[in-house]
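J.: Now for the letters of each chain:
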Amino acid sequence: MSHEKRTLEFYVLAVFFALFVLFLYGPLSAILILSFQGENGGLTFPLNGVSLHWFANLFERQAVGDFGGSFKRSFLLGLMVMVVTVAVSLLAGLAFRQKFRGATALFYLAVASLVVPSIIISLGIGVVFQQIGFRPAWYTSAFGAHLTWTLPFGVLIMFAVFNRFSPAYEEAARDLGASSWQTFAHVVLPMIAPSLIGVGLFGFTLSYDEFARTLMTSGTFNTLPLEIYGMTTNVTTPVLYALGTVTTVFSFLVILLTLGAIVYVGRRRARA
Amino acid sequence: MTVALNQPATVTAAKPARRRRLSLGAIAPYLQATPLALILGAFLLLPILMIAVVSFWDYDFAAMYPDFLTTNYSDVLGSWVTWKTYLNTLKYAAIVWALTLFIGFWVAYFLAFHIRTTAMQMVLFLVCTVPFLTSNIIRMISWIPVLGRNGLVNSTLVQLGLIPKPIEWLLYSEFAVVLAMVHLYTLFMVTPIFNTLMRIDRSLIEAARDAGASGWQVLWNVIIPLAKPGMAIGTIFVVTLVMADFSTVQVMSGGQSASVALMMKNQMSLLQYPAAAANAVVLLALVLLMVAGILRIVDIRKEL
Numbered sequence: 001m002s003h004e005k006r007t008l009e010f011y012v013l014a015v016f017f018a019l020f021v022l023f024l025y026g027p028l029s030a031i032l033i034l035s036f037q038g039e040n041g042g043l044t045f046p047l048n049g050v051s052l053h054w055f056a057n058l059f060e061r062q063a064v065g066d067f068g069g070s071f072k073r074s075f076l077l078g079l080m081v082m083v084v085t086v087a088v089s090l091l092a093g094l095a096f097r098q099k100f101r102g103a104t105a106l107f108y109l110a111v112a113s114l115v116v117p118s119i120i121i122s123l124g125i126g127v128v129f130q131q132i133g134f135r136p137a138w139y140t141s142a143f144g145a146h147l148t149w150t151l152p153f154g155v156l157i158m159f160a161v162f163n164r165f166s167p168a169y170e171e172a173a174r175d176l177g178a179s180s181w182q183t184f185a186h187v188v189l190p191m192i193a194p195s196l197i198g199v200g201l202f203g204f205t206l207s208y209d210e211f212a213r214t215l216m217t218s219g220t221f222n223t224l225p226l227e228i229y230g231m232t233t234n235v236t237t238p239v240l241y242a243l244g245t246v247t248t249v250f251s252f253l254v255i256l257l258t259l260g261a262i263v264y265v266g267r268r269r270a271r272a
Numbered sequence: 273m274t275v276a277l278n279q280p281a282t283v284t285a286a287k288p289a290r291r292r293r294l295s296l297g298a299i300a301p302y303l304q305a306t307p308l309a310l311i312l313g314a315f316l317l318l319p320i321l322m323i324a325v326v327s328f329w330d331y332d333f334a335a336m337y338p339d340f341l342t343t344n345y346s347d348v349l350g351s352w353v354t355w356k357t358y359l360n361t362l363k364y365a366a367i368v369w370a371l372t373l374f375i376g377f378w379v380a381y382f383l384a385f386h387i388r389t390t391a392m393q394m395v396l397f398l399v400c401t402v403p404f405l406t407s408n409i410i411r412m413i414s415w416i417p418v419l420g421r422n423g424l425v426n427s428t429l430v431q432l433g434l435i436p437k438p439i440e441w442l443l444y445s446e447f448a449v450v451l452a453m454v455h456l457y458t459l460f461m462v463t464p465i466f467n468t469l470m471r472i473d474r475s476l477i478e479a480a481r482d483a484g485a486s487g488w489q490v491l492w493n494v495i496i497p498l499a500k501p502g503m504a505i506g507t508i509f510v511v512t513l514v515m516a517d518f519s520t521v522q523v524m525s526g527g528q529s530a531s532v533a534l535m536m537k538n539q540m541s542l543l544q545y546p547a548a549a550a551n552a553v554v555l556l557a558l559v560l561l562m563v564a565g566i567l568r569i570v571d572i573r574k575e576l
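Sequence order for the protein chains is A and B. In terms of my numbering, the first sequence opens at residue 1 and continues consecutively. In terms of my numbering, the second sequence opens at residue 273 and continues consecutively.
Worth flagging that the hints you see were computed from the coordinates, not collected in a lab. The model shown is predicted, which means the values in this text are computed figures rather than measured ones. Among the hints, erroneous ones may be present.
DSSO-like cross-link-like pairs, simulated, lysine-lysine; straight-line CA separation at most 30 Å [what the hints assert, rightly or not]: (1) B:356 / A:99; (2) A:99 / B:574; (3) B:363 / B:500.
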């Protein structure tokens with residue numbers, strides 16, 4: 001197949017794909033450019049000079065709510081969600097390798113967690129906390145709400161990973177006298193490490209960007225997406241774009257770091 | 273080969289050890305599954321049960337009162353406005369589903385069958401994936417300078433002399449809502465379809481060609497039937513996301529369009545939790561019915 005000549009179909013689809021990529025990135029680059037809008041510029045093109053005015057504006061506390069605080073909360077929450085998602089998904093993945101009672105029910109519960117509309121989870125957790133008499137906070141109720149979104153992704157990824165995982169490696173390790181903990185730590189874990197890093201990336205970014213589930217559960221203090229969502233209705237200056245640029249650049253950095261980590265782990269394994 | 277030779281030895285050697293560990297080995301999966309079960313129980317099952325209970329409660333402007341009323345439901349089902357909102361949400365789901373399925377299939381097909389090296393496939397796939405990992409709201413906002421009254425599209429068209437004055441319906445309209453949803457959710461269609469296409473045995477396609485099938489026949493009779501599970505999973509994602517959406521509808525329609533989730537959000541901000549809960553139960557039943565229908569076509573566990 002690889003020696004065939006490129007057909008007309010290829011060129012048509014290549015153009016289609018290029019348009020799709022333009023569709024994905026075009027608008028995003030528009031706000032990246034407009035965040036450097038001059039001091040007197042507005043929300044649309046043309047650029048009225050170039051300045052860092054709106055980025056400076058972002059860090060003045062009065063101008064746009066509490067950017068620093070909400071960023072810190074979202075960042076911490078993302079880390080918490082990431083750690084728990086990786087650990088719980090890994091354990092569940094291991095559990096699903098064996099047959100146990102309730103396995104099917106638990107699997108479908110995880111799938112249900114993916115399809116239940118996020119605002120329902122937000123409302124439900126909000127009402128439960130209210131009835132129990134707990135005060136909702138980003139590190140309790142919002143934390144749990146985010147886990148209902150990140151865990152199914154983690155569990156499904158681990159499920160797929162272990163579906164393709166040959167038990168022959170573990171048998172070989174056991175034959176060589178490894179204990180079950182040694183088999184796990186020195187054989188299984190290094191092999192699935194790249195997938196675990198991927199699960200971590202999902203856990204962090206999905207939580208960092210989530211806001212429908214945070215709506216009723218964040219308590220007194222806003223997370224960053226809630227702050228941005230509030231801004232969409234009452235901020236009419238390019239400071240909104242500056243905030244968009246900063247968070248998008250941050251997301252890109254996280255993704256790049258993760259990909260770097262995956263490549264690094266892969267290389268180290270290849271050398272060993 | 274060596275593995276096969278060793279196997280009988282393993283079995284006999286491991287037997288006494290396995291018997292000793294039987295008790296721990298038998299409860300291990302339960303212990304491993306406990307954290308997941310506890311978290312989903314506390315933050316998914318319990319809240320949904322609570323919503324079901326609260327949907328029968330009474331309420332006023334300040335608080336809710338435990339009761340067993342069906343008025344919340346008769347308010348939901350008896351109001352023409354609510355019916356229109358549900359129909360509107362279903363309309364968005366249908367349009368966005370059709371568009372994402374079309375775009376998603378061709379993008380995945382291009383990546384799977386026309387890109388020849390795995391490295392390039394992965395790079396292009398990542399190019400498609402990265403925006404998904406950035407903020408949805410930012411991606412929504414990014415349409416404002418493009419579609420707005422003085423945005424890129426309008427000013428270009430006016431300058432080219434194609435239109436006399438800016439088109440008003442580009443932003444803050446149903447068109448903008450659909451466009452933004454397609455922008456946000458197409459990836460959920462691309463990924464599962466790409467996944468199934470990559471697992472199609474290429475010899476099947478060669479066999480079809482050898483048997484005299486044309487390019488379209490291969491596509492229609494071999495590839496598309498085999499891609500159906502991926503399409504079904506993508507459909508589950510897209511339909512449930514659109515049915516649950518309130519932010520895109522609110523921001524991109526500028527308050528001129530409605531969805532069920534947006535209606536719920538407004539009820540919640542007025543502290544009408546029981547009314548929102550009744551809506552939640554109806555919406556959840558609708559979504560679960562749709563998903564159950566799709567799951568009859570595909571076994572997700574097999575597709576992972």
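J.: It remains to establish, for every hint, whether it holds in the given structure.
T.: Now the hints, each set against the structure:
About 47 Å separates the Cα atoms of residue 356 (chain B) and residue 99 (chain A), which puts this hinted pair outside 30 Å; it is violated. Distance hint between residue 99 (chain A) and residue 574 (chain B) is fulfilled; the C-alpha atoms sit about 16 Å from each other, no more than 30 Å. Restraint check for residue 363 (chain B) and residue 500 (chain B): satisfied, since their Cα atoms lie roughly 23 Å apart, inside the 30 Å limit.
Violated hint for the displayed structure: number 1, the only one.
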